[in-house]
Amino acid sequence: MFQKFQIQGMTCLGCADTIQTRLRKESDVISAEVSFENEELLLDSKVPVDNEYIDSIISNLGNYNVKSQNANLLSKFLEHLNSKKPILLALTIVLVSSLSIQTPFQNFDLDNWFITYMGLFFMLFSFLKLLNIKGFSLTFSRYDLLGKNIPGFSISYPFLEFCLGIAFLTNSLLIIANLATLIFMISQSIGVGNVLRKKEIIQCACLGSSINLPVSYLTFIENLVMVSMSSYMLFKLLS
Numbered sequence: 043m044f045q046k047f048q049i050q051g052m053t054c055l056g057c058a059d060t061i062q063t064r065l066r067k068e069s070d071v072i073s074a075e076v077s078f079e080n081e082e083l084l085l086d087s088k089v090p091v092d093n094e095y096i097d098s099i100i101s102n103l104g105n106y107n108v109k110s111q112n113a114n115l116l117s118k119f120l121e122h123l124n125s126k127k128p129i130l131l132a133l134t135i136v137l138v139s140s141l142s143i144q145t146p147f148q149n150f151d152l153d154n155w156f157i158t159y160m161g162l163f164f165m166l167f168s169f170l171k172l173l174n175i176k177g178f179s180l181t182f183s184r185y186d187l188l189g190k191n192i193p194g195f196s197i198s199y200p201f202l203e204f205c206l207g208i209a210f211l212t213n214s215l216l217i218i219a220n221l222a223t224l225i226f227m228i229s230q231s232i233g234v235g236n237v238l239r240k241k242e243i244i245q246c247a248c249l250g251s252s253i254n255l256p257v258s259y260l261t262f263i264e265n266l267v268m269v270s271m272s273s274y275m276l277f278k279l280l281s
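Residue numbers for the sequence shown follow my numbering, beginning at 43 and rising by one.
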């Protein structure tokens, strides 16, 4: 009997393989195919099985469970947000911190906030990349245009981000810093766009290799925000 289940909690292709291999060992299971991309389990079994049966098996393998078929729109939205929690937390920290730094000033200065935001952004994200430079470079070079075509760029990029963070936070070399940001983020935006267009499953390198998070539209939006900020600042600095 063929049945379809939605599995949540998978973060990579290895998770799908682990679940698939374990289910195939069950005596009542004829075949089991797990799709990481669709978060889907297609099960052929000798007898009908329910969510509780699948949960009892896969919950012992990791933080996996079967999605309720009756989940409402709100719960699906919350599940989606939870799957993007690492990058959302990082961006929230940058946003709140950059806004907090503006509070001592009587008037809110958009230019100053942009500079502070980009500085904190690069400091935090470079730290996450520097935790495992080799692992980051292998992932980054799979989709970033500059990383693909310039030898050594992926290895040096975390240090470049760190230098950009210093430049923004000290208000130094702002024209060069914004120009570099614009070039780097356009390169990443095109690379991420290609991944999304081809529906490939590639780990996002923005948080380094220590945090397993697939490339998503949130990554694309994050890059476009940085493109917009750096373009605006270049216009202001050069006009």
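You may find that some hints are simply not true.
[To be verified] PhoX-like mimics (lysine-lysine), calculated; alpha carbons at most 25 Å apart, straight line:
(1) K67 / K109
(2) K126 / K109
(3) K240 / K126
(4) K67 / K126
(5) K176 / K190
(6) K127 / K109
(7) K126 / K241
(8) K67 / K88
(9) K278 / K127
(10) K127 / K190
Hint data in this document are derived by calculation from the structure and do not stem from the laboratory.
| query | Under the criterion that the straight-line Cα-Cα distance not exceed 25 Å, is the pair K67, K109 satisfied? | reply | The given pair, whose Cα atoms are some 22 Å apart, holds under the 25 Å limit.
| task | Quickly compare the C-alpha distance for K126 and K109 to 25 Å and report which way the hint goes. | result | With Cα atoms ~17 Å apart, K126 and K109 stay inside 25 Å; holds.
| said: Against the 25 Å threshold, does the CA-CA distance of K240 and K126 hold or violate the hint? | reply: holds (20 Å)
| query | Regarding the pair K127 and K190, is the alpha-carbon distance no greater than 25 Å? | reply | violated (28 Å)
| query | Regarding the pair K126 and K241, is the alpha-carbon distance no greater than 25 Å? | reply | With Cα atoms ~17 Å apart, K126 and K241 stay inside 25 Å; holds.
| query | Do the alpha carbons of K67 and K126 lie within 25 Å of each other, as the hint requires? | reply | violated (32 Å)
| Restraint status (C-alpha distance of K127 to K109 at most 25 Å) | Roughly 18 Å separates the two Cα atoms, so the pair holds.
| message | Between the alpha carbons of K67 and K88, is the straight-line distance 25 Å or under? | response | holds (13 Å)
| task | Decide if the proposed pair is consistent with the structure: K278 and K127, CA atoms, cutoff 25 Å inclusive. | result | violated (34 Å)
| Does K190 lie within 25 Å of K176 when you go C-alpha to C-alpha? | holds (15 Å)
The structure shown violates the earlier hints numbered 4, 9, 10.
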